[in-house]
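Please arrange chains B, C and D on chain A, whose structure you already have, making use of the hints.
These protein sequences, in sequence, are chains A, B, C and D.
One rule links them: number in the numbering used here = place in the first sequence (from 1) + 4.
One rule links them: number in the numbering used here = place in the second sequence (from 1) + 4.
One rule links them: number in the numbering used here = place in the third sequence (from 1) + 4.
One rule links them: number in the numbering used here = place in the fourth sequence (from 1) + 4.
To be clear, the hints were calculated from the coordinates, so they are not data collected in a lab.
Possibly wrong hints are sitting among the right ones.
Because identical chains cannot be distinguished in the list, a pair is counted as satisfied if it fits within a single copy or across any two copies.
Taking lysine-lysine and the DSS-like style, the derived pairs with C-alpha atoms no more than 27 Å apart in a straight line are [said to hold, decoys possible]:
no.	residue 1	residue 2
1	Lys59	Lys145
2	Lys241	Lys187
3	Lys145	Lys106
4	Lys35	Lys106
5	Lys145	Lys187
6	Lys118	Lys72
7	Lys35	Lys72
8	Lys205	Lys59
9	Lys35	Lys145
10	Lys76	Lys35
11	Lys205	Lys93
12	Lys76	Lys118
13	Lys106	Lys72
14	Lys93	Lys35
There are 4 protein chains.
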Amino acid sequence: MMKDIQSTIDERGIAIQKVGIRDVHLPIQIKTEDGSFQQVLASIQFTVSLPMEYKGTHMSRFVEILNKWSAKPFAEEEMNAILFEAMEKLEAESADLILDFKYFIQRFAPVSGKRSLLDVDCSFSGSLKRGEKMQFTLGVKVPYTSLCPCSKEISQYGAHNQRGMMNVRLSYNEGFDCIFIEKLVNILEQQGSCQVYPLLKREDEKYVTEHAYDNPKFVEDILRDGVLALRELDGLKWFSLECENYESIHNHSAYAAHEEVVGKNC
Amino acid sequence: MMKDIQSTIDERGIAIQKVGIRDVHLPIQIKTEDGSFQQVLASIQFTVSLPMEYKGTHMSRFVEILNKWSAKPFAEEEMNAILFEAMEKLEAESADLILDFKYFIQRFAPVSGKRSLLDVDCSFSGSLKRGEKMQFTLGVKVPYTSLCPCSKEISQYGAHNQRGMMNVRLSYNEGFDCIFIEKLVNILEQQGSCQVYPLLKREDEKYVTEHAYDNPKFVEDILRDGVLALRELDGLKWFSLECENYESIHNHSAYAAHEEVVGKNC
Amino acid sequence: MMKDIQSTIDERGIAIQKVGIRDVHLPIQIKTEDGSFQQVLASIQFTVSLPMEYKGTHMSRFVEILNKWSAKPFAEEEMNAILFEAMEKLEAESADLILDFKYFIQRFAPVSGKRSLLDVDCSFSGSLKRGEKMQFTLGVKVPYTSLCPCSKEISQYGAHNQRGMMNVRLSYNEGFDCIFIEKLVNILEQQGSCQVYPLLKREDEKYVTEHAYDNPKFVEDILRDGVLALRELDGLKWFSLECENYESIHNHSAYAAHEEVVGKNC
Amino acid sequence: MMKDIQSTIDERGIAIQKVGIRDVHLPIQIKTEDGSFQQVLASIQFTVSLPMEYKGTHMSRFVEILNKWSAKPFAEEEMNAILFEAMEKLEAESADLILDFKYFIQRFAPVSGKRSLLDVDCSFSGSLKRGEKMQFTLGVKVPYTSLCPCSKEISQYGAHNQRGMMNVRLSYNEGFDCIFIEKLVNILEQQGSCQVYPLLKREDEKYVTEHAYDNPKFVEDILRDGVLALRELDGLKWFSLECENYESIHNHSAYAAHEEVVGKNC
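This is chain A alone, in the form it adopts within the complex:
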């Protein structure tokens, strides 16, 4: 019989916090607000803790667990079950799973009503410790248009504008369900000078041009309005928000970031 080197005794006395696999790609079904699901392509990091006594973990078991779950519609509850299974099968005190994926949301152009699909980069992160509740963190990157208030004010006509990206991560207090991706995107894309659309006809382009010009915002304004909007979410425990404007007049970005434990920020 083959020797199980991983299970031999380790004497360095170091319990490892995370060990597992990374850069695994799999199709996953994500549960949607309407009770249905959307198939996405996930990039995955899946780890457990390793007690100081063991030389190594068993890497193939992570893949086996993922293979089994990848076929089932997926949300917080399933993430909890996966993490629990990993802790059991790998005799670990904690387990962590991060899924990064592109999610599609229907958009209707503001005047013509033309339908299209907006892609948003999302992440689900779950962390489970033995005897505790799972901590779930949702991450979403929301594109927007920003139009510079300074440029508008000082120029006789025009104002520089550009695409920007809000990167939000958030977690909820125990007993509260996490917001759906669609809802979070809907709330955050209102905080730019205008939202972006994959498909715009000419009447729509007139609308978004004028709407952005009527609604100039610095990267600081977008961040602050994002913070105010996030504070309104019921049951939110913590969030971090980053806004990055890919400046049209520079070859670099303007950037703002903020993080808070809700209700405890000064």
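Here is chains B, C and D on its own, set in the frame of chain A:
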């Protein structure tokens, strides 16, 4: 003595067009227009052909050649010498070298005159065949601002604008020297709605905002004006030009591309 | 009524070869060998030519065409129909579409038979000119293990090995169907020292370790054996093949590349 | 006179933690251990806090400060001065600067003694709050070879091995100087199965092949030995260490991570 496996006979009858090393990083000195040089960080691909008789090339020699040349100020002439040395040392019929690097060019803000450094992604590609002259290709990516003519025309005020990137590659007829990076960037950044600057004070921001608004251009316009400008270069043999606008109103790019053998395009 | 700036006359006399959209993301259904289909996430570039008379193309129509087709199972035939529709709707002489996507293939571990999904990066490129047949190019990146023959020969024990990647692109003569992704991957992954698997138990790991050691290959060997395998494909017109070994003993890659018009190579 | 929109009063009551510029590229001089310096290409994020009263910060000042300092040899002391200047000029309570750059270290092949340059990705992060000492964090990514103990044990011959990367970040207690990059790399690359070299002749390749085979290590072993080595550093306050093996037998990575406040870990 150790066996030289690489030099054993291969019987598959396949001469390999390119074999060597890739994703090597080294500091390199690039000759500048004023006779001085600029130190850059190069990402390198360096290959030779392999005759059908040999099982393998000798990978360490590529690194040895690069190490020797990396200390010397570098332009077309030195690339030719490196390629010749590679052909000799590796008994090859041809050799190819590609250097990708970020190059810095001084910019002065249009009103305040404030100085800053603009980073442009460049590439030097050299290809040498035994008994022929080296073919040298220069590549430069030039950032610009584009302001949409349609958006300006149909809107009561404002116009969407965004950062864009021109990606040019070009080669010269025999007997003509390749244009310097600085000159090529100077010519091409004039073809957008406005050029970009790393540093702008408020009086400069007013200027670039109004200048872009006065000068609306589609991605097609920027491409065409770029083509016209390139055709003016003395001795140019071939070029390809791509323009990509990172649309502020979409989550995708507008794109245009054109390639021509100068003087032979229909 | 809003003015259609794009349709105004352009007097620069430059017909643009490609203009359209890039970096668009959409879910797409790819037809599989067994008559079914697989949903993938595509990154898309979609362009047409623009006659010299017109100032600009109509970008929103590309998105409209993609939206319509994204729901239908997709292969060469559908790509032809999309390109034809683009030429018609945009009054163009040619149209080009490139889809990049990750495709999943079932793998069974060599001894235990455990099932898992291997991800391979693929591309479909279609190019249609008025009055001609579409040119279709398939691209696939196939991971493999390579074990160095020189290292094995000169060392008393062991041999350095590493992951590598074959990047093949190919097109067929008229009247021949393009090979399915699964088949092409099956053929090419045999050309390394051993194929890679997402899931291996200990008995499988013993097999792949010994199989690779029994089968040492330089990057040049893998390239040559890949070339021989590709030449066997019935009806193949052209291919290019790149092999890159992410060397375990260096911080850079070993690389080999070859391209040929089948039957015409020296 | 132009209105200074940024300085107008904001009434949302939100002090922003970080606002500034990102994805700026500049050449920087890094001080080396021997009292000299090395020119590197830095990718930069530079931010300050913004009091709740102000609508916006002044983005151009970040670029002006960087331009001034980019010419001077740079280490902890200069980072402190830059951050202090940013706090003063932008009337901020805190300032943060992150520099990412590739740094080159001389390596000599283990048998032939051949000299080459190893590239390592590094970062300097400085964080300064009014009235406090700057917190400085050094980050280094160290490549290595890992050879699998399980594969060696269960196979009759050979053992799979691959390139891996250690990603360490660390900070020191007050009164202690940060370790030089060269020293940190020297210590950490000993923790793999073998270190990697840009240039190896045949006698060196024999050495590294056998050395790795004699020294098999799981990703967990490399992490643990890295942790033990880091704990030996005098004055170290905190570190995080990640190890990633780019598995030669899979298309994904094996990964381990650990973080500790030195002296307080369980």
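| query | Under a CA distance limit of 27 Å, which applies to lysine 205 and lysine 59: within one copy, between copies, both, or neither? | reply | Between copies only: 18 Å across chains, 61 Å inside a chain, cut-off 27 Å.
| request: Can you give me the call for lysine 145 and lysine 187, within, between, both or neither, at a CA distance of at most 27 Å? | output: Answer is within; shortest intra-copy Cα gap is 13 Å, inter-copy 37 Å.
| Is it within, between, both or neither when you check lysine 93 against lysine 35 at 27 Å Cα-Cα? | Close inside one copy (26 Å), not across copies (37 Å); limit 27 Å.
| When no copy is specified for lysine 145 and lysine 106, does a C-alpha distance of 27 Å or less occur within a copy, between copies, both, or neither? | Both ways: lysine 145 and lysine 106 sit 10 Å apart in one copy and 22 Å across, limit 27 Å.
| query | For lysine 35 vs lysine 145, is the C-alpha pair at or below 27 Å within one copy, between two copies, both, or neither? | reply | within (18 Å within a copy, 31 Å between copies)
| request: State whether the alpha carbon distance between lysine 205 and lysine 93 is at most 27 Å within one copy, between copies, both, or neither. | output: The answer is between: 15 Å across copies meets 27 Å, while 54 Å in one copy does not.
| How would you label the pair lysine 59, lysine 145 (within, between, both, or neither) given a Cα cut-off of 27 Å? | Only across copies: lysine 59 and lysine 145 sit 24 Å apart there, 39 Å inside one copy, limit 27 Å.
| lysine 118 and lysine 72: within-copy, between-copy, both or neither at 27 Å Cα | Classified as between; 12 Å across copies, 39 Å inside a copy.
| message | Within a copy, between copies, both or neither: which one fits lysine 76 and lysine 118 at a CA-CA cutoff of 27 Å? | response | between (32 Å within a copy, 20 Å between copies)
| query | Can you tell me if lysine 76 and lysine 35 fall within 27 Å by alpha carbon in one copy, between copies, both or neither? | reply | both (9 Å within a copy, 23 Å between copies)
| request: Up to 27 Å between alpha-carbons, please classify lysine 241 paired with lysine 187: within, between, both or neither. | output: Only inside one copy: lysine 241 and lysine 187 sit 17 Å apart there, 42 Å across copies, limit 27 Å.
| What label fits lysine 106 with lysine 72 when the C-alpha limit is 27 Å: within, between, both, or neither? | Answer is both; intra-copy 21 Å and inter-copy 20 Å each pass.
Comparing the model with each earlier hint shows no violations; every hint is respected.
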